[in-house]
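Using the hints, position chain B against chain G.
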Amino acid sequence: MRGRALDRAFQVLALLVLCLALAALGALIADVWRDGAARLSWDFLTGFPSRRAENAGIWHALTGSIFVIVVTAALAVPIGVGAAIYLEEYGTRSVAARVIEINIANLAAVPSIIYGLLGLGLFVRALAMGRSVLAGASTLALLVLPVIILSTREALRAVPPSIREGSYALGATKWQTVWYQVLPVAMPGILTGTILALSRAIGETAPLITIGALTFVAFAPDGLWSPFTVLPIQIFNWVSRPQPGFQVNAAAAILVLLALLLTMNAAAIWLRDRYQKKLR
Amino acid sequence: MRRLPRARSRGFEPLIERLLLACALVSIGTTAGIILVLAVETVAFLREVPITEFLFGTEWTPLFATPRFGVLPLVAGTVLVSAIAMAVALPMGLLSAIYLSEYAPHGLRRIVKPVLEILAGVPTVVYGYFALLFVTPLLQRLIPDIAGFNALGPGIVMGIMILPLVSSLSEDAMQAVPRGLREGSYALGATRMQTSLRVVVPAAFSGITAACILAASRAIGETMIVAIAAGQQPRLTWNPLVPIETMTAYIVQVSLGDTPQGTLEYRTIFAVGMLLFLGTFLLNLASAWLRERFREEYG
Numbered sequence: 142m143r144g145r146a147l148d149r150a151f152q153v154l155a156l157l158v159l160c161l162a163l164a165a166l167g168a169l170i171a172d173v174w175r176d177g178a179a180r181l182s183w184d185f186l187t188g189f190p191s192r193r194a195e196n197a198g199i200w201h202a203l204t205g206s207i208f209v210i211v212v213t214a215a216l217a218v219p220i221g222v223g224a225a226i227y228l229e230e231y232g233t234r235s236v237a238a239r240v241i242e243i244n245i246a247n248l249a250a251v252p253s254i255i256y257g258l259l260g261l262g263l264f265v266r267a268l269a270m271g272r273s274v275l276a277g278a279s280t281l282a283l284l285v286l287p288v289i290i291l292s293t294r295e296a297l298r299a300v301p302p303s304i305r306e307g308s309y310a311l312g313a314t315k316w317q318t319v320w321y322q323v324l325p326v327a328m329p330g331i332l333t334g335t336i337l338a339l340s341r342a343i344g345e346t347a348p349l350i351t352i353g354a355l356t357f358v359a360f361a362p363d364g365l366w367s368p369f370t371v372l373p374i375q376i377f378n379w380v381s382r383p384q385p386g387f388q389v390n391a392a393a394a395i396l397v398l399l400a401l402l403l404t405m406n407a408a409a410i411w412l413r414d415r416y417q418k419k420l421r
Numbered sequence: 012m013r014r015l016p017r018a019r020s021r022g023f024e025p026l027i028e029r030l031l032l033a034c035a036l037v038s039i040g041t042t043a044g045i046i047l048v049l050a051v052e053t054v055a056f057l058r059e060v061p062i063t064e065f066l067f068g069t070e071w072t073p074l075f076a077t078p079r080f081g082v083l084p085l086v087a088g089t090v091l092v093s094a095i096a097m098a099v100a101l102p103m104g105l106l107s108a109i110y111l112s113e114y115a116p117h118g119l120r121r122i123v124k125p126v127l128e129i130l131a132g133v134p135t136v137v138y139g140y141f142a143l144l145f146v147t148p149l150l151q152r153l154i155p156d157i158a159g160f161n162a163l164g165p166g167i168v169m170g171i172m173i174l175p176l177v178s179s180l181s182e183d184a185m186q187a188v189p190r191g192l193r194e195g196s197y198a199l200g201a202t203r204m205q206t207s208l209r210v211v212v213p214a215a216f217s218g219i220t221a222a223c224i225l226a227a228s229r230a231i232g233e234t235m236i237v238a239i240a241a242g243q244q245p246r247l248t249w250n251p252l253v254p255i256e257t258m259t260a261y262i263v264q265v266s267l268g269d270t271p272q273g274t275l276e277y278r279t280i281f282a283v284g285m286l287l288f289l290g291t292f293l294l295n296l297a298s299a300w301l302r303e304r305f306r307e308e309y310g
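Chains G and B, in that order, give the protein sequences.
Just so you know, we're using the numbering used here here: the first sequence kicks off at 142 and counts up by one.
Just so you know, we're using the numbering used here here: the second sequence kicks off at 12 and counts up by one.
In isolation and in its complexed conformation, chain G is listed as follows:
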């Protein structure tokens, strides 16, 4: 049976390719771990940048990353959830809603560096925010907005219509229905999507380089108008240097960044599981 043998061979080939892809992920993590694990220490986490690789730390970049992400969330979540509520609960049949929908799908696929150019032209120059935390967070907020809107809509769509109908039957207005009935039910789903969107933003480098986030900031940011740097930019800066000592620093900083991402993703999965148990 030639056909059967060929079929077997094809199946083995496809499985091998799949294993190769998974092996690439393994190699990536093993490589970074091998290069950087020995460099991780409390001093590395709480240290400031230094011209000597062995003294340098990431405190300024770590606090910068967290600060920027918190401000990004404060800007993007209310607007994103509001937009999703409008599209899902209010304007579903209007032409405007359809146009906005197509537009959001397109925005989700625009390269992140283009958002950087928008941030540079709009926030840094036109609105004169300079190269501040606020300018960086505003740029990232526009970047994650489509993702937050899309995931919030999905969470709202999963709310059974009977809950809305029950609320209307008791004489509630549209907004009362949304605020007191729909949003609480959809909240875990919204939170999960938001955390995943923000975990993408925390790894972004290109848009923040484009708006001119500095690589030589030697202090933790102390306000919305403060200059800042973030972990990915610090990693980029260290990778670009020829001295091997800095490349070890880059590997160690990557491990911290990956740990941060893992924590955020674990939180999202935990929320989703809790939510699914509750519904049953």
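Hints are computed from structural coordinates only; laboratory data are not their basis.
Using N, Cα and C, we set each Cβ at its ideal position, and we do this for glycine too.
If a hint is listed, it holds; no wrong ones were tucked in.
For the chain B half of the interface with chain G, some residues (derived, Cβ under 8 Å), not all of them:
| # | residue |
| --- | --- |
| 1 | E24 |
| 2 | A35 |
| 3 | T41 |
| 4 | L106 |
| 5 | Y114 |
| 6 | S228 |
| 7 | T259 |
| 8 | G284 |
| 9 | A299 |
In the EDC-like style, the derived pairs of lysine to aspartate or glutamate whose C-alpha atoms are separated by at most 16 Å in a straight line are:
| # | chain 1 | residue 1 | chain 2 | residue 2 |
| --- | --- | --- | --- | --- |
| 10 | B | K124 | B | D183 |
| 11 | G | K315 | G | E230 |
| 12 | G | K315 | B | E28 |
| 13 | G | K315 | B | E24 |
Chain B only, in chain G's frame:
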């Protein structure tokens, strides 16, 4: 259900609706903002550099004493790296998708798919590190005359990055193909391979193509991998072993310097950005159109 407070005055509900609409309009504003910012600076750039020189010139040396503004070397670099990435991601992604959709037991698929998608969630700066300090040294052992910065290493790593995009979306498309088609094929005595390649893949073709175009668009817009590992030398070549520069890497290169606003050099990044935006926009549009067509066929 919770008890409701007394309904507020009649003006409150329309106000809320208008507020929510304003939130939704932020997304329209973003698109308008992108086009406006890019267009204003590009027009100013084209006032000083003829559009024919920009689009068809073969030398890109805007930072030299005698600057030349031919964007073709940057376009060639971008296309070269993206083509290598697609050469990796297409066959691997499609085979993975076929395995997961047609061969893998349900439990395995439920575990492997999310693990594969981790690849798409790794920050791109990490891939840059991997390309420069792991893949390129590995390639140097196989191909002795490859440069420390080259198109091949970052191209391969970029292929790994977009692989889950190809495999996940293609697998979704294959899963959407009705069972009846497969059963008909089996009833005629076809093997699983014949069924996958001659029935399922052709039936899901528009969905798979949409996935691949989206992956290509992602590759063209990808920045950090090439900024770190491909070098910063714009050159018009198809040789993957020498340093090149992509459109995105050029924008990063200029952004790292302190370029004063209003100079021609400052405007180049917006002109290059405009080209990048238009290119990826057309690809995204084509992908969305194909996906819509696929949904109409089997939706």
